[in-house]
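Protein sequences appear in the order of chains A and B. My numbering applies: residue 1 is where the first sequence begins, and numbers increase by one. My numbering applies: residue 1 is where the second sequence begins, and numbers increase by one.
These are computed hints drawn from the structure, not numbers from a lab. Predicted model only: the values in this text are computed from it and were never measured. Possibly wrong hints are sitting among the right ones.
[To be verified] Capping the alpha-carbon separation at 27 Å, the derived lysine-lysine pairs in DSS-like fashion look like this: (1) A:Lys2 - B:Lys471; (2) B:Lys233 - B:Lys87; (3) B:Lys186 - A:Lys2; (4) B:Lys432 - A:Lys2; (5) A:Lys2 - B:Lys87.
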Amino acid sequence: MKFTLFDRSATFGGGYVFAVVNRLQMLYFVLILPEQLMRSHMLILIILIGLVSQLNLWILAKGLSTKELRTFEDLERMFGKPLLAVLITLGLGALLLKMCVFTLGYAELIQQFIFTSLSEQWIIAIVIAVSIYIAIRGMEKTIRFGIIAFLFSSWMIIAFIFLFVTSFDSLYHLSDVIPHQWQDVRLINVLLIMSSLSGPEFLICLFPWVGKGGNLLKWLSLGNALSVLEYVFLFAATLVFFGEGYLKEVSFPFVNMIQYMQTSFIERIEVIFLSFHAFHFIFANALFGLSFYGGIRFLLGRLQKANSRLGLLATFSLIGIAMLVASEWLWEGFHLNTFTIIQVYVGAFTYVVVPTLFYTVIRLRRGQRFI
Amino acid sequence: MSEDDALGHLNNLTEAILQLTFGRNDVKRLDRTLRSQNVNLTFVYVDTLIQQERVNEMMTVILQENDSLKILSFLGSTTVESFEIAKEKLMTGHVLIQAGSKKWFAVSAPDTTGRAIESSDTETILYGAKDSFTEQINQNIMLIRRRIKHARLCTHEFKAGSLTRTKMVLMSIDGITNSDVIQTVKNKLKKINFDMILNSSNVAEFIEDHTNSIFPQFEQTDLPDYCADSLGKGKIVLLIENSPFVLIGPTTFFDLFTSPEDYIHKWLIASSLRIIRYIGFVLSLLIVPIYVALTTHHYQMIPLQILYVLTDSRNQLPFSPFWEAFFMLFLVEILKEASLRMPSKTSQTLGIVGGIVIGDAAVRAGFVSVLLIVLIGVSAIASFLVPNYLLSKTNTIIQFVFLILSFLMGFFGIIVGLIGLLAHLNGLTSLKKPYLAPVAPFYWSDWKDFLLRFPIPWMKTRPDHLEAKNKWRITRRR
């Protein structure tokens, strides 16, 4: 049977867009956000930025719904080869950085909370191996896996209701939601939230599979709304649990908080929770890895040639090596390290710029009757 | 050149047919003369394939009549025009008759002796029709036709197996079943190139989309009720000669958890039973690996009171939890396999010897912990909850894989295994239809008969993932 990775037998509807957007927004930063934001009034900031990001989604939906844009050839015709090559090169850099940050962050969490004796490199290798296993089945099936990733990882938010109930007497920590003074509202915090919510812009890599019909904006918005709700809920839970004063002292407060959840059958539930997080981390890796391979194929001028398993494996090996190198020499441990800060800026930048640029070029070129 | 080929090249069909009687003791040749017309009659048939009484009757009628050709047409004979046809007719229970001229005729007289219609041993149901398929393919078609009395129920016949020449009948409902699905099966059936096709599993291996997967991509059943229901949903049914099991496709992973009884119980009860089956499947896969993960890597996850019990149970054991679990699972598999192969009366003894004597002795000897025995028992019983036997057999392999992963990476390993398993299922198709529907791809309307079984009157449409030609199951008034 012919090996294909990017064939398209069907387009995916709103449910997929919802699941993929939500899972891509719930990657690593959700785990470190509370210790950076600390103040309860940051809840308002999360909601505000969530609302502002709707503008990005609106522009993104406009771009993705363009009827004339169905295949990569259409994209090439519309953007022109030189411009597309430049954009793809920049995009590959952004993708690689994003993959490195969330995978290294996740590996670090697993190493710290589950396997203290296991080196991070092994965890990275396992994550990459399983991502290849998903990706090798092609883009269509990888997008489908988004639903599975959503179903197997989104349920965890429900568990935090119990934490709210048990910490009911500490709700006063949320009393300063609308403060007299807006302390600690720094640019880095705004960008951190923006970068946390980034991810949907990479849907442009999947444009041939995104259904043009239906209300795309509605599903993008629903996915974004659920993400904002989860961010608010998790941040509020950590605030109530630790309090503003103590929150900055705790590394990974979200995970530490789960440590206190226990039943008469099982304790240290964070082992289960962190393990289940693998679903969307691995899904995102597979999706981005395939997009990365597609980008490399374009840059090498091999878009019309048949896909090869070897090419895909080489791409993932490249990504894996980049992660291992970053883990060995660039990653500096917990919190916002230099590497993470770069991703904060790049993530926020791509989320704001990519949809706008995408749609602007489409509008301009459509007007010039390039297609 | 084989003997048959040599015979086929003979110009004289009579000579070729008569040559068949040499060296084949059960191929009989009878020569008679019709005195009134002075015509020589030759009868050739395979003794073991025909119904002797019918042949005797036929001979009597022919020999008593004056016009033998007229009576042959009355008996429903067909003209044999080539040696290939002659061989095929002979081997399918026909009597070849030559009346005077060089022309040969074939009259059907097959021996239909076979097992009577009985209740199913493999899929027992308490309430519902008790009849099940037999090895007689025509009888099986009749059992389905009795249930779907509609002219649109189509049958397409195929033959496979160069030696067995096994007859296969593809059934579908015209106007309901997706044409692409029918065409896919037809193409696959035509491509079967093998000498022996003996049962439905042989055929399934040839027409599956993914031969290397351990998951069955067709349902196999011997219940006509279930077949009729599947046809009504827009699936195809493939009957195979000499096999009481038919193949149903396209199937999904979740179809393998449905039982005919789901549609007999009240919907709430049926739904709860279905959920128990899913939980049973997950338990049978994961309960032992979770034990290994907890006792090998995550002692901190076990509450203190349970930890006391566990350490007390394990402190004298010479083996690590992995080897302890591995040996016990292996032993259970030996017992399961042995109980299948032994006569039913002996298998009761096996249950006592295996389950009680060996289990108890292993604990007393200090080889395994009592807790593990309990978990192994739960896992074994839970594995029987899956209605589909072929799926329940895949449990074993998956369980061992999970066991190794839990030993290597604890709970994280189990989740990695689960992701791998779901990615594998997500990549499978059955007759080009997604195997993990209605979850991935997501078909919301099909969820009414998925985890829960909603009331039958609510199921007004056929499953979306089958893309039936007519999606409505109800007659819509204009």
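Results of checking the hints against the structure:
1. A:Lys2 - B:Lys471: Distance of about 33 Å is beyond 27 Å: violated.
2. B:Lys233 - B:Lys87: violated, 40 Å
3. B:Lys186 - A:Lys2: Roughly 21 Å separates the two Cα atoms, so the pair holds.
4. B:Lys432 - A:Lys2: holds, 15 Å
5. A:Lys2 - B:Lys87: violated, 41 Å
When each numbered hint is compared with the structure, violations occur for hints 1, 2 and 5.
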